[in-house]
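Engineer: Sequence:
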Amino acid sequence: AQRSREYDAYMHQRLSETNATILYGRVLAHISEYSLAVQHFQRLLRKLPVNHEDRPNIHYQLARMYRFLGKHQQAIHYFKCAKLLYRRLLPQHSYEYGTVLAGLGTVYMELNDSKNALVVLEQATFYYNCDSNNYNTETIFHFNRLSYAYYLEKQYDRALELNYKTLIFYKSKMPTDHPGHAQTYHNLGLVQRAMGMVNEALVSFKEALRMREVLLAPTHPYVARTCYQIGLLFEECKDYSLAYEFASKALRIQQLKLPSDHSELVLSNELVERLSILNNMTV
Numbered sequence: 001a002q003r004s005r006e007y008d009a010y011m012h013q014r015l016s017e018t019n020a021t022i023l024y025g026r027v028l029a030h031i032s033e034y035s036l037a038v039q040h041f042q043r044l045l046r047k048l049p050v051n052h053e054d055r056p057n058i059h060y061q062l063a064r065m066y067r068f069l070g071k072h073q074q075a076i077h078y079f080k081c082a083k084l085l086y087r088r089l090l091p092q093h094s095y096e097y098g099t100v101l102a103g104l105g106t107v108y109m110e111l112n113d114s115k116n117a118l119v120v121l122e123q124a125t126f127y128y129n130c131d132s133n134n135y136n137t138e139t140i141f142h143f144n145r146l147s148y149a150y151y152l153e154k155q156y157d158r159a160l161e162l163n164y165k166t167l168i169f170y171k172s173k174m175p176t177d178h179p180g181h182a183q184t185y186h187n188l189g190l191v192q193r194a195m196g197m198v199n200e201a202l203v204s205f206k207e208a209l210r211m212r213e214v215l216l217a218p219t220h221p222y223v224a225r226t227c228y229q230i231g232l233l234f235e236e237c238k239d240y241s242l243a244y245e246f247a248s249k250a251l252r253i254q255q256l257k258l259p260s261d262h263s264e265l266v267l268s269n270e271l272v273e274r275l276s277i278l279n280n281m282t283v
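First residue of the sequence shown: 1, per full-length UniProt numbering; consecutive thereafter.
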């Protein structure tokens, strides 16, 4: 009960500090209406004065929307704009500067540039002041990004350690499931699968999927992302029927929510086609 009150107070403070027009765009993103969110934030940029205090945040939000749409070069452009604007406001806006670095690092990860991603994310760790142990949901979510970068760099032990540390935080500090908690389980599944811990990976992915289906829209691209990984796992176990079921679910969601040339949609389509052939061979 005490944890719930503390969390409610924290979220109330966060919401009260967020501009309503920016919050509206973030709500659009939460329901995966990324193109509408881009239109909203672009409209705000056109209307606001050049020196308006919200412009750095709007550039940051635009970068996020373009990343969600798989338009990575546009995302990098807006992240770099936000980075430049927030750099002028240091040290008062160190946290926001760290957030921008974290977003930029995430784009590099999605472009499979894990070395640059790790450099930028470790810089973000400094601005987040993660060494102080004064964690909140945003700084802990940064650990999710960092653990994924370690995973991409095949530093599995470091990734595993960070995932377990993050799980402890969510279980001890959060009153309910949280999207970041689901991401931790998703990342943990990736690392466990890479380390040959197949059964453990399946448990982690299924827990991530359960949380995402409860916390996000059933057709959210993050639901598809976890379904795709479960499909890959079942393919490796030669259970092609179950693999096809999860891969098809991922593809249906991505066809509904993502551009046709999005890299994740392309991968899911390739997996479904491959599994269709394998299923026919085993009949």
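If you are wondering where the hints come from, they were derived from the structure by calculation, not from laboratory data.
Watch out, some of these pointers could steer you wrong.
SDA-like cross-link-like pairs, simulated, lysine to any residue; straight-line CA separation at most 25 Å [stated by the list, open to error]:
hint	residue 1	residue 2
1	K206	L278
2	K171	N136
3	K47	V27
4	K71	T21
5	K206	F126
6	K154	P91
7	K238	M195
8	K206	F68
9	K80	G70
10	K115	K47
11	K80	P91
12	K206	G196
13	K71	N116
14	K80	K171
15	K165	S114
16	K80	S263
17	K154	E200
18	K206	K238
19	K238	S260
20	K165	K80
21	K80	N112
Engineer: Against the structure shown, which of the earlier numbered hints fail to hold, in ascending order?
Structural biologist: Per hint list: 5, 6, 10, 14, 19 and 20 violated.
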